[in-house]
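Q: Protein chains in written order, with my numbering: chain V, 1 to 739; chain X, 1 to 78.
Rather than coming from a laboratory, the hints here were simulated on the basis of the structure. Computed from a prediction, not measured in an experiment: that's the story for all the values here. One or more hints might be untrue.
Claimed, not checked - When the alpha-carbon atoms are kept at most 27 Å apart in a straight line, the in silico DSSO-like pairs for lysine-lysine are as follows:
1) V:Lys293 <-> V:Lys165
2) X:Lys14 <-> V:Lys506
3) V:Lys501 <-> X:Lys52
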Amino acid sequence: MSASIPVQTAPRVRSVVLIGNPNTGKSTLFNALTGYRQRIGNYPGTTVERRAGFIRTEDKATPIEVIDLPGAYSLAARAADEAIVLDALLGRAGVDRRPDLIVSVVDAANLGRNLFLSTQLLELGVPLVVALNMMDLAEASGVRIDTAALAAELGVVVVPVVATKQIGIETLEKAILDSLDAPCSDHCPSFPDCVCAELDGLRNSLADGGAGEHHRASRIEAMQTLLDPGGYHESRLVKRCGRGLAEELAERRRRIASAGESVAEVEARVRYTWIDRVLHRVVTRVRPRPRSKSEAADRLFTHRVFGLAVFLLMMGICFQSVYAWAAPVMDAIDGFFGALGGFLADVIPAGAVQSLVVNGVAAGVGAVLTFLPQILILFLFLAILEDCGYMARAAFLMDRWMGLFGLNGKSFIPLLSSFACAVPGILSTRTIEDRRDRFVTILIAPLMSCSARLPVYVLLIGAFIPATPLLGGLIGLQAATLLAMYLVGAAVAVPVALILKRTVLKGPSQSFLMELPTYKWPSPRIVFFRMYEQGKAFCISAGTLIFAVAIVIWALGYYPHPAAIAAVRQAEREAAARAGHSDKALDARLAEINRDEAGEYLRQSFLGRMGQWIEPAVKPLGWDWRIGTAAIASFPAREVVVATMGTIYNLGGGQDETSAGLRATLHAATWPDGRPVYNVAVVLSIIVFFALCCQCAATLATIKRETKSWTWPLLTFTYMTALAYVGALATYQIAIRWV
Amino acid sequence: MEKEAVQDRLSSLKTGEAAAVVSVKAAQTAAKRLADMGFVRGAVVEMIRPGKPCLVRISGTCVGLGVEHQRNIVVHRP
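Same shape as in the complex, but just chain X (with noise of 0.2 Å):
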């Protein structure tokens, strides 16, 4: 159970908030995108602007993310 309280969907970042990525649970198409965007393990996120999308920055990029992605990536806030 602890595990589970830090460790949540990219959704649930509030704006400035950082975390590493944990996992990408999406189909392979999808994970492939994610991670050649930069979405791997270990990988810095920071939430910019919450939302449906929300804006995040990856590895010093910008990047938009529709709902369903921000669901799939679990974070683990530091």
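Only chain V is shown next, with the shape it has when bound in the complex (with noise of 0.2 Å):
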């Protein structure tokens, strides 16, 4: 697009789709074609994650871009991100111009099923190329594939890759760049003369009809619409050209079935029908099948009682290891941020300066930091657990008891992920295909424990709550009151889930229908990425959100700083001096001095005055008012409540030079009357509140672009810190009783 050289266009970029059935390797295809250099981004109006990178051509000429579509078993979309997947092939709906090739990726170990969407999308009308993946599980598995005849029965060119391994990536790459412009296969299953008339016509009537669309609708797309009743294509289709075309749909699906056709089922049978006589002629059987590792390792994970015995373990062993690993680095960066501000203090002149960076960076955003290492941990069990496929097996056990909250096992996913953030985890919900079970699952999904409570727990936790031995040594007193609190949220989400199916979303619910996926082993690529990009995110947010937060905090907590206090205090100071004291008595007594001094700008500050004028409402949990305000001002992220009290604490002057953290301090707390702020019972009640809460702007941000309404975030919200607050409340007072 050079202006300088007129005559030269810039080389036109061809786009290549990666699209395939989930679990087929397409993501590591993916970075392996792309060589890790993505830009990802979302698909325009949805959260749906659009990665996209460039082939690592030798000819600079032809740049190629490669687009990673969301999984799909079928273009008949149902969820939110299939529907994604026929908008991005088609390029419409502002997703993208129409892909120049797709490249079908094929689980070559289980060829039946994935070749289903395959001869969809033959049928697309873009060139196609099959990259047929895993051949090292297909051999391993006793079945010898003919892909020169596969290549011959589909029309189009069939790579055997291995994209674990980096096997057949340069074949791919020339195939991808040979096929380009290459004609399209017009080897695909032939239907029933009752579908194929219906389709037709149906395709007249639209052109006819003017449905608005730029190009004819789709042989695939009109069977897309007309063989699947309710579904994405349909409604899209409805919505534009109006009630006729429902009513002319209806009558089209009435015509098949007095022909003897099942709508629902004739689309699959026809395709199964011609894939299963493909597979005849490509697919020898060389050995017979062994008994697979997967089926050996699923007769103990799907047991119902052994596997959840090893389910519950896995995660015992997960959050003693939380706790357990992450403790000496945690303790590494607290002091290397104690001693950071210890620096500063030395370096910067005291003042507004000295305070704002001492007090409201480097303790602020140095609390938050501590607990990179407890995120990175959780996040690489959950990125193992994913990329091994015993997600699913965890769905399958857990359907039983789904069942308890109305919802079926593929809910159990979301509701996992959402223990290390809910984020990812409502995002996640696009695989549930009803719009209830969905919402539902959305709604209860911020209640589970994410990994920005942990920095709450764990602090308060770590420093009031006795290290005894339970259970013979196994599990610590702490360790298990982290797991309660774990568990609090999730027991909470039962009843409110069951509300929820009750009222405002009410309906029948959807029988469990999930692949489950070979296992594999973890690729420790794909497993630290995923660690990387939340590690990143949690830094970011720790460098931005939560490092503006504590400044305004700092600056609410350090204004209007008197100038009467200080003349007050320095008379005292010379009183003192004046008092004969011995030099060690006076030391104290300046040090006290000091500490009154800044106890008293701080309740005179802005933030003391607001944090004064709440306090009615907290006490009866058993908070002070500076808990009280901490918690009011880590609205935009739970994290920041550490960060707050890491500066409110600061200020205060409750800590001494040589700073030994924030737990420290917390225990030096004290109300006027100098009892200790915190015991078990204050303690509990905070973590039992921020448990239940709902602090967190990304997520209540997530729900409303997901759900496309304000209605239920603001719903969430509301019910969340209601429940948060009666949850505190309740256990301040039995606590305070009992312990």
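Got two chains here, each in a separate frame; can you build the complex from them with the hints?
A: Written out as structure tokens, the structure reads:
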């Protein structure tokens, strides 16, 4: 597009899409093709992730952009992310232009089911290349696939690859280049006459009726509209063309049914019959199917007693290691920020700037960054479980228990991911087809204890709950308390979901239907990549949002900083100096004066006045005004509460020069009458509040985007805040009498 | 009556037992989903683990099925 060379236009970017069933190694292949040089964005108007990157071609004249589409079993769309697939393939709804080529990623070990989507893709009128992935697994299972014969049957190039081992990638790249302008295959199954007649009729009437489409509705689009009653394509077209189309579709379906065909089944049956015939010619079994390790593993993992025990054990190990492994790294980070604060205090002259840097930034941001190790460990566990295929087993196992929620096992994966972070959890509800089930899952997802709550739990539990060993040292009281916090959210979610299912989101529960993919070793690159992305997101939020909140809280807690206080305390200092104390006593007296001075500044600050104003509301929870203020200030993100406490207590002079960190500071905090603020009951009340509240702007924004309405985020925030207050109140009132 | 004896619901299959799908008697939405996953007339289903939900093999893949789906799929034992 350079203006200086008008004759030569910039090379035209060719676009290639990767499409395949879930769990076909599509993303691994995408990474192998693009070498992690990816741009990650969203499809317009949605939160569906759009990954794009460039193939590393020798031929610089034809840059080839590869787009990784969400996994789909069929072009008939029900779930939100499936809808994107056909939109992207047809280049409509502002998604993209039509791709120049489709790479259909097919799991060779699972050829029959995977070819279903490929036969649909053959009819799109776009050049197609089949990447036959996981050839190694297919061979290990004792089958030989004649790729040349398969290519002849499908009429397209078929490239065997093993994406995880980077085998066949170059051949695939070459095939992509060669096929870009190749003619489309005309091999595809033929449908019964009654279906073909209705399809042609529908296409004609869409073209005549001015559906407002720029292109004539393709045959495959007409098929997905006609043969998928109530699906995405039907509702989309009916919205455009009016009720007349709905009646026309009903009439055409009636005619197909009266010809003796089942509308819902005919497409699948024709395609599977065609595929069976292809497989018969292409696949030969060289050895009897060995007893697969995957099945042997499933004998244990999907057992309704042992499987559950294994699941609980894994979760136990996960939480225990989050606690144990992270501790040394945490202490190091904590120490670093303490030392940094001390150093900065020495370098910067006393005053507002020193206070801002030391008390606002170093104490606030440092307090949050301390929790990076835990978050990384938690994501490590979840990424491994997801990548090896265990998550689907967990969903299977939990199906009967999810019945308690009025949901099915599919909702379990979003809920489990929400233990790391509700945002990806809410995004992963897109695989749930039923709208009501999906909304209920979205609304209870923020009740799962996410990693942002971890800082609050770890700080307070570590500081105030004794490390008594339980069950013969198997688990400590601290880890048990942590586990209990994780269970509280999940337990409360049950009645909440049931109430939602019976009121605002009333509807029948949908039966479970889910593929359980073959187990595989988790790919270290994918696991690492996921940890890295989450860690980065956390650091960015610590560097921006939390940084900003820390500064605001510092400013509210520092100003107006009246000079009168300094004058009074200066007089006291001079009086102490004249009183003829011993050196030691004088030091103690001066330290006391300094603390009182800092405390008085804080009480007189804007933050202090605000806090004292709300104190009556939080006092029944056992909180002092500082905790109440920290809780309110943490509205944008829960983890901010730790930063806020760090800032508030630092400003209040709770920390001495040799900072032993926030924990020691909290221990030293007292009510005006000298009683310590924190005890076990107060700590439990705070963590229960944070377990149940929805102090997370990102979650609320995600709910808004996914539900396309403000109703649901507002409902979520209201019900969770009410639950949190009542929960904290009950906890404190019970614990203060018991503990 | 004799025909009834060999046609049964998927939920009646025992571990390791295989049968052919005869029909899927579900609402169209569910029927379409099941069909796309491979539950079409003539397809062979093998029960891996009966239960609620059950685990079956269909077109080479392990699929978990909830109670209702198991009841709605009519199969024919060979």
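Q: Are the hints correct? Go through all of them and say.
A: Hint check:
1. Straight-line distance between C-alpha atoms of lysine 293 of chain V and lysine 165 of chain V comes to about 20 Å, which keeps the hinted pair within the 27 Å bound.
2. Taken as a hint, the lysine 14 of chain X and lysine 506 of chain V pair is broken in the structure, with Cα atoms around 35 Å apart against an allowance of 27 Å.
3. Taking the CA atoms of lysine 501 of chain V and lysine 52 of chain X, the gap is near 21 Å; set against the 27 Å cutoff, the hint holds.
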